[in-house]
Each structure stands twice: as C-alpha cells, then as structure tokens.
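Given next are the chains, with one letter for each unit.
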Amino acid sequence: MRVNVKVNGVSYERDVEPRTLLAYFLRESCGLTGTHVGCDTSSCGCCVVVVDGDRAVKSCTLFAVQADGHEVLTVEGLAEGGKLHPLQQGFWDQHGLQCGYCTPGMLLTSYALLKHNPDPSETEIREGLAGNLCRCTGYQNIVKAVEQAARSKREEQP
Amino acid sequence: MSAELKHEGSLGVAMKRKEDPRFLQGKGRYVDDISLPNMLYMALVRSPYPHAEITSIDISEAMKVPGVKAVITGKDLDAAGLGWLPTFHGLDKQMVLAVGKVLFQYQEVAAVFGENRGAAADGAEAVQVEYKPLPVVADPFMAKADKVILRPDRERKTNHIYHWEVGDRDRTARALASSPKRIKQRIWFQRCHPAPLEPCGCVAQFDTMGRLQFFVTSQAPHVYRTALAIVTGIPEDKIHVISPDIGGGFGNKVPVYPGYVCAIVGALKLARPVKWIETRTENLTSTGFARDYHMDVEIGATEEGRVTALHVATTADHGAFDAAADPTKYPAGMFGVVTGSYDFPVAHAEVDAYFTNKAPGGIAYRCSFRVTEASFAIERAMDILADELHMSGADLRRKNFIRKEQFPYPSPLGFTYDSGDYHKTLDTALEKIGYNDLLKEQAAKRARGELMGIGISTFTEVVGAGPSKHFDILGIKMFDSAEIRIHPTGAGIVRTGTKSQGQGHETTWAQIVAEELGLDPQNIMVEEGDTDTAPYGLGTYASRSTPVAGAAIAMAARRVREKARKVAAHLLEVGESDVEWKEYKFQVRGVPAKSVSMKEVAFAAYTNMAQNEPGLEATYYYDPPNMTFPNGTYVAVVDIDRETGESKVRKFLAVDDCGTIINPLIVEGQIHGGLTEGFAMAFMQEIQYDSEGNHLNTNFTDYLVPTSLETPHWETAKTVTPSPHHPIGAKGVGESPNVGSPAAFVNAVMDALSPLGVRHLDMPLTRDKVWRAIRDAEAGKKQS
Chain A
1 MRVNVKVNGV SYERDVEPRT LLAYFLRESC GLTGTHVGCD TSSCGCCVVV
51 VDGDRAVKSC TLFAVQADGH EVLTVEGLAE GGKLHPLQQG FWDQHGLQCG
101 YCTPGMLLTS YALLKHNPDP SETEIREGLA GNLCRCTGYQ NIVKAVEQAA
151 RSKREEQP
Chain B
1001 MSAELKHEGS LGVAMKRKED PRFLQGKGRY VDDISLPNML YMALVRSPYP
1051 HAEITSIDIS EAMKVPGVKA VITGKDLDAA GLGWLPTFHG LDKQMVLAVG
1101 KVLFQYQEVA AVFGENRGAA ADGAEAVQVE YKPLPVVADP FMAKADKVIL
1151 RPDRERKTNH IYHWEVGDRD RTARALASSP KRIKQRIWFQ RCHPAPLEPC
1201 GCVAQFDTMG RLQFFVTSQA PHVYRTALAI VTGIPEDKIH VISPDIGGGF
1251 GNKVPVYPGY VCAIVGALKL ARPVKWIETR TENLTSTGFA RDYHMDVEIG
1301 ATEEGRVTAL HVATTADHGA FDAAADPTKY PAGMFGVVTG SYDFPVAHAE
1351 VDAYFTNKAP GGIAYRCSFR VTEASFAIER AMDILADELH MSGADLRRKN
1401 FIRKEQFPYP SPLGFTYDSG DYHKTLDTAL EKIGYNDLLK EQAAKRARGE
1451 LMGIGISTFT EVVGAGPSKH FDILGIKMFD SAEIRIHPTG AGIVRTGTKS
1501 QGQGHETTWA QIVAEELGLD PQNIMVEEGD TDTAPYGLGT YASRSTPVAG
1551 AAIAMAARRV REKARKVAAH LLEVGESDVE WKEYKFQVRG VPAKSVSMKE
1601 VAFAAYTNMA QNEPGLEATY YYDPPNMTFP NGTYVAVVDI DRETGESKVR
1651 KFLAVDDCGT IINPLIVEGQ IHGGLTEGFA MAFMQEIQYD SEGNHLNTNF
1701 TDYLVPTSLE TPHWETAKTV TPSPHHPIGA KGVGESPNVG SPAAFVNAVM
1751 DALSPLGVRH LDMPLTRDKV WRAIRDAEAG KKQS
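So the sequences go chain by chain: A and B. At position 126 of the first sequence (counting the first as 1) the number is 126 in this note's numbering, and the numbers step up by one without a gap. If you want this note's numbering, it's the 1-based position in the second sequence plus 1000.
Next comes chain A alone, as it looks inside the complex:
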C-alpha cells in the first residue's frame, strides 16, 4: 500500500505491507533508526514518537497505514538548527541516560507531556513517564531532566 507520512517536516511516500508497524516504517523505510523497539507487547516505550504535534504514541501499536497523512515527530527532529532541544539538554546535563536505548522514547513522551502540562510536579512527571521503561538510570535523573527542560522552556517564554 502507498502511504505518505510527514516525518520531522519531510514527506515520506513509500509502499508498505499493510502489516508494517509505524516503528519499522520509520526505521526501515525512512532510515530513521533513532526510534527503537524493545519489546513485543507495547510495554517498554522505546518506540514512542509524537503524532500530530502533541500525542505521544507507541509506534509499535500503530500501523504505518494508520499514520498516512499524519505528521510524526521522532528524536531526529527534536534539535533545531544544530541546537539541542531543552529536553535533550536536560537529559545531558542531569545524566538522564546511560545506554541510550530508552532515551528517544523518554524524550518524546516528555515532549508531549510538557505540551499538555508545561509545569509538571515530580509526581506528574513520574505518572507521565510510567509507560516508558528504563533499565539503567532508576528514573531519578530523568525526572530531573524533564524538570530542567520545563524550567528552561518557561524561561524562554516572554
């Protein structure tokens, strides 16, 4: 089937098998391997992307054909003009990553979280990230990273 998905502002028009998951469409048809796959049951959240601006979606729960005509943001689209997104900067400053495998999903879930709640409490961040597993960090520094990003985004606003 022919689909056209706008990923990080670029249109990708591709032929896919109907059973192709969005995660594999991004990785194998678009060559955007920053989106990872860590389980078979939509439990781990490594594959989270943002659809249509503010919806965090596990891209292994969506078929590529369901994303036809939609806009997808992946980790490759976060930095702008060579400048890290405040979330990326927060994860770096706060040591919010180790092996890096869960990181793209964590970043995009946090991105959607901050769209809906620019000033989340620690509890709200922990609730917001509960669908993303991390085996390395124990989450504490990830929470701090999201707090830092929220702070710096608020400071950016006039």
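Please note that a few of the clues may not be correct.
Said to hold, decoys possible - Mimicking DSS-like on lysine-lysine, the simulated pairs with C-alpha atoms at most 30 Å apart in a straight line are: (1) A:Lys144 / B:Lys1651; (2) B:Lys1769 / B:Lys1445; (3) B:Lys1651 / B:Lys1424; (4) A:Lys144 / B:Lys1718; (5) B:Lys1238 / A:Lys83; (6) B:Lys1016 / A:Lys83; (7) A:Lys144 / B:Lys1769; (8) B:Lys1648 / B:Lys1563.
Hints were generated in silico from the structure; no laboratory data involved.
Start from chain A and add chain B according to the hints.
What follows is chain B alone, placed relative to chain A:
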C-alpha cells in the same frame, strides 16, 4: 595535589558524558540499526515443549512461503560439525539447533532465512515439527533423583553437573556444633533475567575474500572472535567482530547464543548478509537467566554475638546446559565471598548444580559471578541471627566486622580483601539516615500496630577478574588492555579490550588519560568493541572494566609519559633525570618556571624529537595482582499496608565505598540504576516455570520491570578507601547497588513483619506473598 590544580575533566570531576550527544539525537548505532545491501533476515523456530523427542521436521511448506530463501535444522549443522557450541567456562556444550530432542521450552529448533522480517517470521510459522513429549524435570530437587537423565550425551549419566566446595568442612562442623547460638535458614535467590531493553542480535556477512564481518551485541567482542574461530574453524584473522552501541547488557550479552551461529551459517550458505534480532519473548525465554540458588545457610555464634562459623550448602538450577560464563576454575563463581564483611574464624561453602528442563544460563547478572547470591545469603542470615540473639542488626554487624587494621584481610574462603573501613561506612549511613529517630518512630508505630521496617545491608563484593594465576575463560587469562596514541596536536585516542553498554567509558577512560597526561579529555577519543583495532581484552562484565582496563589505561598513559619525558628533556635542554612531572606538566626539577606542557611535548614528538624514537603511543596489558573489594552500607525504610500487603520503600540510603572515584556523576548514575534493579528483584521479578516446565512470564507484561511510579527515591553518599594495588585506587561500582540492595529491602520487610513472628520470606516480596504471610501469622496467633 590541591583542588584548584584539577583541570576540567581530570579524576573526580563530574564531567558530562561525551557519548550523550549522539544518543540524544537518535544517532546511536545499535546492531538493529545496521542494514547491509542485499541483507536477509533470520527467524528461529522454537520448541513448545520443555522436554520432547523430535520425531520429524518438515520444511517443505516453509520453503513455499514467498521470500523464504532457506531453512536450516540441527541435522544440517551437525553434518557441518556445528551442532554444538562450547559454553564459556568450558565445562559443558550447548546445542545450536536441537537434534534428537529438545530440553527446554523455546529451545532453538530451526532457522529460517527470508527477504525481510515478515517473510522470515512467516517461514518460521510454516515449519512443521512433530514432538513426542518426555517426562519433565522441573527443579533441581527432582533432578537429584536421576529418575530421568536429561543429558545422555554426557559421559556421566546423571543430572548432577558438579560439586564445588571451599573452606574447612570439618572444622566448620565442629565449630557450629559447639556454638551456643545457631541459626539455619533455607534462602532461595529466585531465577531472574537481566532483560536489557535492547534484545540480543547480530548481522553477519562474508566479504568477497571470505572474511567474516560480525556485528553483534557483545560485552566481550574479543572472546567472541576466539570462540567463533574455535567453533567454526574459520581462522581468527578472517573474523572481524564489531560490537556497536549496546542498549544495556547486565551480563545477558556475555554468552555466545545459538542464533549467532545460525546467522553466520546462513550468511555463508546463502552468500548474503543475515540479520537476526531476537524478540523480547526470545530474550526472556532462551538467553542467559541469572541466580536460581537454593542456599542453606547456617551460622554459629557466642551468647554475646561473636560469629564462630558459617556453612552454606547450595543447590543450583542451571537449566538444560551449563551455560554459566564463569571463569574456568570457579564453576560457582565468586560465591566464596559469602563470609561477607565479617571476621568468621572458619567457614565452608559448597554448591551442587543440576540440569533441569529450563533455559540455560546462570550468568553474572550485574554481578561478579554469584556475588549477588552470596551477599544476599550472608546479609539475610546476619539479620536472622540478630533476631535470635535479640540484638539489633547494626550492633551485630559492628561487633563482627573485619576491622580496618586487619586489611589486607585473608578470608577463610580464600580471598585477600584489599581495603575497607566498614565501621566508618556503617556509622556514616546510620547518622545520615537518622537511624535513632527511625527506631523511635518505629517503636511508636509498632505500639499502634503499624508495620514499619528498617533494613540494613553491609555488603562486600569481590570484582575485577582477575589475576592470571587464577582466572581464565576458555583458557584465556582475564587481563585487560589499553592502547593510547597521542597525536601531534595533543589530542589522542584510547582503545581498550572492554566494551561499554551504558557505563560511560567514552568519558571515564578519557578522564583517566587526562589525569595521567594533563591533556583535555574532550579531545581524547575512546574506541571500543572493534576487534580489528582494539587490543585484546576480556570485555565488560563482573565490574571488571575499571579495576582491570581502567588500570591498563593508567599504566599505558604512564608509559606514554615516560616516553614524553625524554622529549621534554630535549626541549628543556636538561638531562632526563632533571625532568619531573608536576602539576600536569614537565618541569625542570626545582625550577617551576622552566616547564613544557604535554601538548608541546606531543608536537615535538613528531616534529623535533632529536635522538628519540618518533611518535607518542603506548600499549599496556594489565594483569591485576588481586581482585578489588567494593563495599557499602545500604539502609531501607519500608512501610507495609497491613490490609493489602503492599510494601512502600519510603526512604533508601546507599553509602558506597568504591575507592577512588573517576566521575561522581557517572558513579551516582550507576548506583541509581543498580538500586532499581535490586528493588525489582526484591519486590517484582521472578522467571517462573510451572511444574510441567512451561515458562510463565515471557514478556514485559508478566516479567515486570519497575516504572518511574514504583521506583523509590534514592539517596547516596560515600566513603573512600582507595584500593592499594590499583594504579589509581579505583575499585569499580556498577554492580555494588545490585549486589547489596536486595538484602536491605528484604531485611526491612522482615523487620516490619517481625512483631508478627514472620522469620523469612523468599523474594520477590509481592503484595500477595506479604499479605498471605500477615494473614497466616495473624491466624496462627489467634489459634495459640
């Protein structure tokens, strides 16, 4: 050296990680990110039965599936002499694809190669295998009876794999018999799985010259190269192993798995690259599990609480093949560290391992080979002894600690502990957490019938395998290596035989070089994992990177410095003996104003070296003189809901002594992560099989990884007792929190339940297990 002399990135500086920008931008290169032109995908057919005879395999339907290129079975491999592969510690071998019979559920039976993921998976579905079920040996106690012999391929017709023991059996028995106080407890450390978020996988291809290029999620790429040469007969120079970025390892990515051999065979047979990435279910059901030790622990003591003897007898479940990756001479790993932090006059430990119809493994899951099991056993048992003596666990520990003046301390089970100050670490922890106030709070709560517990664990690890006189894997001594090249402009590259899987080597290795050579760590590139370029090393597991490769880096840097000193003497126009290395530069002895930086010397080494050999590089293979012994005190505070059995970890403090700290940011991150995995084992994780050998939790909906919601808040602190034999005094830290914390959690829960008379529960302490214990205890009280 004063603090202000520290330059950016030298030892002890919390430098941000150099590897992060690529991971943060989706530019990491994990094995599944590698795509080669014309690449095929492989899928495996796995057994639905835990023990069954294979009566037939029919691949004809599979070959009709569009896109399927080939199917290989055990018979094909057997014919090529590849039916079995040796396990790493050399005491057993493992079937690559089953021939004759299967020995565990999800065992590899056939490999299918297709044009894409879907074709390979469809082909695997279409392979028809007929089985005749056989009686199942579901646990090691059943295995002992030898009614069903699982491995008739072995010379000895028994399920018993080995008996291992250390210490003095007779003296220990006598000391126990004459001790006025004794406790005995069966403690089971349940079967767990490391479950890194990235599953295992590989891409194999042969180039036009017949050379194998093998990308693989390996914690030990050089050992893989040698093992592949031995298994396949391909000359070792024709094998190039590349371990790209790894999404977590935790010991799971040390063994060579059957899928890897199949992918290589497929690539050879079909003359096309082959990718195999396992699914989460395949990861949990067939790759290296950990623990599964049933430990009978016995301690003797005086009335006053001085320990007199320790005996531990363990029954180990190793699954269908003995695929533990322990050093050759240590089938039960470093279990001999079971005397822990305590000065036992005598001890004896023994382990008997058995085959069962379960997945093979027994790997070192974030642990230096069975140290986690040993540490849990002694730390639980010390609390049980404290209860018996009506003493606090803290007082009993304090009374029996190895004192700091006793180091180097020869343990009764054969180790020489390098350094520590256990009293200081315990005191630091108790003061920092407000132990006395917690005791008062607990007394008040107990009076109201509330369940609050304080758990202490004062563990000692043994890591950094290891000295060549004792340690080898497949005969290869467990040294590690570093090669440093300093470029003309003072930048450089360091390569080691280890392989980071999130530990941050690209940063910490650069910091060691920066400290030793006074160069900018931002311009010291670190490269690992490529066997064509990295010097030979045994890899990253068992907390050995910093103790062994970290030492090799420091020693290689000192060799570079010695070579640089000759060039510096030339530049300073003095004799070499008049040049001293001080404050990160070379200066004329006694004339600080006359100095040259390493950067200047590096340039001269290529441009103005006089009579000296050009260039500035060195290699060092480090054979550690001893292991290192990181230690710590962990304190957990737990509240239990009497109605639901839910345990809430309200407070947790980890005081770690890992010797010299290279990067405090990374050390703290390692501790947070290890504590979270310890928490998972204590409260959530168990690989379960039913009595028929069926694997019950085959994915993340059943095998639980803690989320941000359950994970407690971690507090950390430190004491620093440098290792006297390590060049920079470092001991390693990545595994301490995983080793030391389970006992702190369980001791806290048992402390909370002690007013009810509950003495011990095995992990995981799930809500329902704790609730049942409370209910049974209350029912028992009513009856009596």
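Evaluated hints:
1. A:Lys144 / B:Lys1651: Cα-Cα ~18 Å, so holds.
2. B:Lys1769 / B:Lys1445: holds, 22 Å
3. B:Lys1651 / B:Lys1424: Cα-Cα ~21 Å, so holds.
4. A:Lys144 / B:Lys1718: Holds. Lys144 (chain A) to Lys1718 (chain B) sits at ~21 Å (cutoff 30 Å).
5. B:Lys1238 / A:Lys83: violated, 43 Å
6. B:Lys1016 / A:Lys83: holds, 17 Å
7. A:Lys144 / B:Lys1769: violated, 34 Å
8. B:Lys1648 / B:Lys1563: Not satisfied, since the Cα-Cα distance of roughly 58 Å exceeds 30 Å.
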